[in-house]
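Residue numbers (my numbering), protein chains in the order written: chain A, 1 to 202; chain B, 1001 to 1609.
Hint data in this document are derived by calculation from the structure and do not stem from the laboratory.
Check each hint, because a few of them may be wrong.
Unchecked claim - Here are the simulated DSS-like pairs of lysine-lysine, each with C-alpha atoms no more than 25 Å apart in a straight line:
hint	chain 1	residue 1	chain 2	residue 2
1	A	Lys91	B	Lys1353
2	B	Lys1582	A	Lys115
3	A	Lys96	B	Lys1353
4	A	Lys33	A	Lys125
5	A	Lys96	A	Lys125
6	B	Lys1222	B	Lys1244
7	A	Lys73	A	Lys91
8	A	Lys34	A	Lys179
9	B	Lys1353	A	Lys73
10	B	Lys1353	A	Lys115
11	B	Lys1568	B	Lys1604
12	A	Lys91	A	Lys115
13	B	Lys1348	B	Lys1244
14	B	Lys1604	A	Lys115
15	A	Lys192	A	Lys179
16	A	Lys171	A	Lys34
17	A	Lys115	B	Lys1267
18	B	Lys1604	B	Lys1582
19	B	Lys1507	A	Lys73
20	A	Lys33	A	Lys192
21	B	Lys1292	B	Lys1282
22	A	Lys125	B	Lys1582
23	B	Lys1353	B	Lys1267
24	B	Lys1308	B	Lys1292
25	B	Lys1267	B	Lys1282
26	B	Lys1244	B	Lys1292
27	B	Lys1499	B	Lys1528
28	B	Lys1267	A	Lys73
29	B	Lys1507	B	Lys1387
30	B	Lys1292	B	Lys1348
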Amino acid sequence: MAIQEDPMNLVISGVGGQGNILLSRLIGRSLVKKGYFVSIGETFGAAQRGGAVMSNVRVSEHMPLGPLIPEGKAHIILGLEPLETLRVLVKYGNPKVVTITNSQPLFPVDVLSRKAQYPDYEALKQTIRGLSQSAWFIDATAMGLGLGAPIVANVIMLGALIGIDLLPLTKGDIEAEIKASFPPDRAELNLKAFNMGTDSVG
Amino acid sequence: MVLKVETDYLMGNEAMGRGAVEAGVRVVAGYPGTPASEILTYLSQYPDVYVEWSANEKVALEMALGASLCRVRAMAVMKHNGLNVVTDFLMHLNFTGVRGGLVLVAADDPGGLSSQNEEDSRIIIQRHAHLPLFDPWHPREAKEMVKAAFELSEQTELCFVLRPVMRVCHARSAIGLEALPQTERQPAFEDDRSRFVMSGVREPKFGGMLRPVLRHRWLNDKQPEIARIMEESPFNHIEEGEGKSGLVACGIAYAYVKEAERLLGHKLPVLKLGTLPPPRSKVLEFARLMDKLVVYEEVEPVVERWLKELLYEAGLRVEVVGRSGFLPSEGELSTEVVLDSIGRLYPKLRVPKPEAPPLQVPVRTRTQCVGCGYRGLLHALKLTVRKSHGVVTGDIGCYDAGAFAPLELQSTIYCMGSSIPMAQGMAHSGLGRPVFAIIGDSTFFHNGLLGLLNAIHSGVNLVAIVCDNRTTAMTGFQPHPGSDTDIRGEPAQAIDIAKMAEAMGAKVQVVNPYDIPQVLQALDRAVKGGVSVVVSRAPCYLLASRAGETLFTPRRVRVDPELCNNCKICVDYFGCPAIHFKDDKVYIDEVTCVQCGMCLEVCKRGAIK
């Protein structure tokens, strides 16, 4: 599978505890198996504790790359939370960027303690649309609740990412990686979530 | 010939761990700290390697040298703050040298993405201790450097150091794996007291010279050998390009320089450096063709100053600029910083900075996890401090988020273990207000114990709160001396903080942080005089949930809008992310809530049910 632009730059953004790093690892491992040069930069340390977490995923057919995507050079932004999509979009976006956002907001502690304001949701959505070439909004948390496990919202979002078909990966590639990464019962739930995600953009 | 057995997809830290196993390492010790923690976690899968999380970094390096003196290969791993703790030992180790290959990994966090400060470990290692150092740009190179470091350490009898930065430690890519060595080395120890007994005694064989001076001379005499090794090192190279301003790319900066070249579609002259000291003749060969050198390095102008010295001695008049003003003197480098500087060197290559939309995105400060027992403890402490007009000194660990909004509880946070001595100082100042120190269990073992001992001995009035959650939660759940299992999950002797404090003569109370009334009572008693230790004991909620352990009876809660008078105590003095506040109404977000029920105790009107 040829990639449309080389290198292809994907940013996954979210909040500590949402499973951001898991996604970049599933994607990275699948791409490495297909023979691509993959470089991933992870910004964590605040993981699990409600801080902003970002992974940079870079794919090339030709060369090893540094772990960080330069500003304004993302092709895809996968946001596990709307404000986190916007945070990354402002820095790494460009008129051709495609965004996929989990529409469920998670309020920062600063908002809860009234030191900052969470933007009006409709306005936030409009801003994201205005800054993206195409913008998908997926209610992944609600879909995860439907499965009895809001925690799988991240894998639903991964499904949506694979569904829009911009990365050189098939559904089967990720399904194989999910099966290899989870014990059987968890794998089943995650495969269900993954397929819900791919269907949501189908 | 090296046999490549397979390729794995590894994080930079894991790649360094793998490099050490391929080099036949036998003893590895470290203390957790972002960005270096996963090196030891990765190594714990190899049964032939002794791996431990030591009480602190100094203990780790001392242990590693002990093993090295028995002629096996050893490694010590830490972040830059740990290197500061290690410095005293390091300033002796450099004089004695090593026997089995000894590698020290000191990881830096330029930009302080996950640290209390930012600093450049190369200064302590190279300028202060005069030890050779590698600075990798990529996980693959980091792995090769670890292997080379073991070989060269044995060849030179010096400790070799790797200084990876966050962006190398936390990068992932495909890494080639080579076969592990099959030959087992027999440990052996032979005495050499003139070397391994560091003391100010005279050496008759050397005309009565004092031993510290003799060992210092030994280290200085090693420098030409080190210079020759770095001269031939594969980790430095020259890339030809168009222009008279040469880019000197050190460590991770090479990634940003290459990225900038790719974006500009233009090849510039580049000197890629991965060693300290830098290779003298390569530097001169490169500099001779240039009018100016720009040194990109994380984070202090170390190589920049080195090159200035070197060119001055060689009589070359080439301008050298970098972190001393031409580039920003603080914070992390990036492709953007490199692009901006190239635009100033070569006006034709100036690219307009992409315009960011003028939007303010609220910051997202980290906090305790929903369900974390520390939230109950911090809430009780907040109430006690307000009532008693107290001051709280803080320390390093998850509970530090109590210093941020909404609680804004701790008034100071410095480095590992400083909470109790600072509280003691406040008490001795004559301030006349109750002082509280709050410190975690791993931090307490690391460097807090001596502070407590000191405070007890001084007979001061203070309350030391030790947050015992059985793990080093902040850095990813590493065990510590208070844990009952080791890095591999095998049973280990757990050291009881409460008993230890009692033995030292403190008044000790043990509380369950989920039981807010119990914590409040304990704190109230503790303020009454002498050194009082309150141990808050409950496992880390995340770790417990993973293990299927229950810490509380799940209680589904909701806010009764009739009883809620919007006093916001639950938001401002408790700050649970599951308690939302919108349109002047408090409500519980059911997706986020884990039903710990602590908030039932927080609401004084009984509006949370």
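Taking the hints in turn, this is what the structure says about them:
A distance of roughly 11 Å separates the Cα atoms of Lys91(A) and Lys1353(B); the hinted pair therefore holds under the 25 Å criterion. Proposed proximity of Lys1582(B) and Lys115(A) is supported: the alpha carbons are some 13 Å apart, at most 25 Å. For a cut-off of 25 Å, the pair hint linking Lys96(A) to Lys1353(B) stands: about 17 Å separates their Cα positions. Restraint check: the Cα-Cα separation between Lys33(A) and Lys125(A) comes to about 36 Å, which exceeds 25 Å; the hinted pair is violated.
Note on Lys96(A) and Lys125(A): the hinted pairing holds, with a Cα-Cα distance of about 17 Å set against a maximum of 25 Å. At most 25 Å may separate the alpha-carbon atoms for a hinted pair to count; Lys1222(B) and Lys1244(B) exceed this at roughly 35 Å. As the CA atoms of Lys73(A) and Lys91(A) are separated by approximately 9 Å, the hinted pair is consistent with the 25 Å bound. In summary, the hint linking Lys34(A) to Lys179(A) is supported, as the alpha carbons are separated by about 17 Å, within the 25 Å threshold.
Distance check on the hinted pair: Lys1353(B) and Lys73(A) sit about 12 Å apart at the alpha-carbon level, within 25 Å; holds. Between Lys1353(B) and Lys115(A) the CA atoms are separated by roughly 31 Å; this puts the pair beyond 25 Å, and the hint is violated. For a cut-off of 25 Å, the pair hint linking Lys1568(B) to Lys1604(B) stands: about 11 Å separates their Cα positions. The hinted pair formed by Lys91(A) and Lys115(A) meets the criterion: a straight-line CA distance of about 23 Å does not exceed 25 Å.
For the proposed pair Lys1348(B) and Lys1244(B), the alpha carbon gap of about 14 Å is at most 25 Å, so the pair holds. This hinted pair checks out: Lys1604(B) and Lys115(A) have alpha carbons roughly 24 Å apart, not beyond 25 Å. Between Lys192(A) and Lys179(A) the CA atoms are separated by roughly 12 Å; this keeps the pair inside 25 Å, and the hint holds. Proximity of Lys171(A) to Lys34(A) is assessed by CA-CA distance (about 13 Å); at most 25 Å being required, the pair is judged to hold.
Taking the CA atoms of Lys115(A) and Lys1267(B), the gap is about 48 Å. The hint is violated against a cut of 25 Å. The hinted pair formed by Lys1604(B) and Lys1582(B) meets the criterion: a straight-line CA distance of about 20 Å does not exceed 25 Å. Among the hinted pairs, Lys1507(B) with Lys73(A) is inconsistent with the structure: their alpha-carbon atoms are about 59 Å apart, more than 25 Å. Distance hint between Lys33(A) and Lys192(A) is fulfilled; the C-alpha atoms sit about 23 Å from each other, no more than 25 Å.
At roughly 15 Å between alpha-carbon atoms, Lys1292(B) and Lys1282(B) fall within 25 Å of each other, so this suggested pair holds. Only pairs whose Cα atoms come within 25 Å are accepted, and Lys125(A) paired with Lys1582(B) is accepted, the gap being roughly 19 Å. Between Lys1353(B) and Lys1267(B) the alpha-carbon distance is near 20 Å, which keeps this suggested pair within the 25 Å criterion. Taking the CA atoms of Lys1308(B) and Lys1292(B), the gap is about 11 Å. The hint holds against a cut of 25 Å.
Distance check on the hinted pair: Lys1267(B) and Lys1282(B) sit about 19 Å apart at the alpha-carbon level, within 25 Å; holds. For the hint pairing Lys1244(B) with Lys1292(B), the CA-to-CA distance comes to about 7 Å; that is within 25 Å, so the pair holds. Annotation: proposed proximity of Lys1499(B) to Lys1528(B) holds, straight-line Cα distance about 21 Å (limit 25 Å). With a C-alpha separation of about 20 Å, the suggested pair Lys1267(B) and Lys73(A) falls inside the 25 Å cut-off, and the hint holds.
A C-alpha spacing of about 22 Å is found between Lys1507(B) and Lys1387(B), which places the hinted pair at or below 25 Å, so the restraint holds. Of the supplied pair hints, the one linking Lys1292(B) and Lys1348(B) holds, its CA atoms being roughly 17 Å apart against a limit of 25 Å.
Checked against the numbered hints given earlier, the structure breaks hints 4, 6, 10, 17 and 19 and satisfies all the rest.
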